[in-house]
Amino acid sequence: QKEVEQDPGPLSVPEGAIVSLNCTYSNSAFQYFMWYRQYSRKGPELLMYTYSSGNKEDGRFTAQVDKSSKYISLFIRDSQPSDSATYLCAMSAGTQGGSEKLVFGKGTKLTVNP
Amino acid sequence: EAEVAQSPRYKITEKSQAVAFWCDPISGHATLYWYRQILGQGPELLVQFQDESVVDDSQLPKDRFSAERLKGVDSTLKIQPAELGDSAMYLCASSFRGYEQFFGPGTRLTVL
Chain A
9 QKEVEQDPGP LSVPEGAIVS LNCTYSNSAF QYFMWYRQYS RKGPELLMYT
59 YSSGNKEDGR FTAQVDKSSK YISLFIRDSQ PSDSATYLCA MSAGTQGGSE
109 KLVFGKGTKL TVNP
Chain B
36 EAEVAQSPRY KITEKSQAVA FWCDPISGHA TLYWYRQILG QGPELLVQFQ
86 DESVVDDSQL PKDRFSAERL KGVDSTLKIQ PAELGDSAMY LCASSFRGYE
136 QFFGPGTRLT VL
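Chains as they are written, first to last, in the working numbering: chain A, 9 to 122; chain B, 36 to 147.
A hint or two may mislead.
Which bits of chain A does chain B cover? Going by a derived footprint, with three or more residues having C-beta under 8 Å, they are [to be verified]:
hint: 1; region: 40-53
hint: 2; region: 87-101
Partner residues aside, some chain A positions facing chain B, computed with beta carbon under 7 Å [said to hold, decoys possible]:
hint: 3; residue: K109
hint: 4; residue: F112
hint: 5; residue: G113
hint: 6; residue: K114
hint: 7; residue: G115
Calculated from the structure, these hints are not laboratory results. Please read all numbers here as calculations on a predicted model, not as lab measurements. We put the beta carbon where it would ideally sit given N, CA and C, even for glycine.
Modelling step: build the complete structure from the supplied sequences, incorporating the hints.
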């Protein structure tokens, strides 16, 4: 079992839809949870990060973390064609012996159709 | 807006040749990371530097890969000799706080 599982999709929605993206994980040491957006042939762009459990909202984006279920979500409201990209979840246990590596999911490819 | 710079953006090489990638992190970021991303997968850490010191290189194939950050600023990742399976995107990231890592545009390597 991989440490982080993410459905690769693809996911196709109409413009204006609410999008829900999810990841599950197995390592209970993870404390920091990130969502990155990656356009084709570009580097990942940090969208949001959350520490421990709870919700965080930034504009049309809401990140949720449920540590008891080892489950994280990203919601996109009023989705736009410009949101079409691959969304990667990433997690970190913080500094463990100095390493702060992020463990990524495979990414979910999202297409928002006009 | 400060960004992580990488060069080259694209590299095509033949197997058994040597290749090198360069990264310049965001100014003031002491931590620098090299990740490899195979098509359809998430990035995987190859090496992490804190200033000029290696913190984590447990996933770096040391028989052919090397990385350095001599003055604690920019960094070079080298592969010698390149193999077909090394074809991937090589991403550099930097951070001030470890959980907020900012990525560069990547170098797409194709090994023929």
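Of the numbered hints stated previously, which ones are contradicted by the structure, given in increasing order?
none
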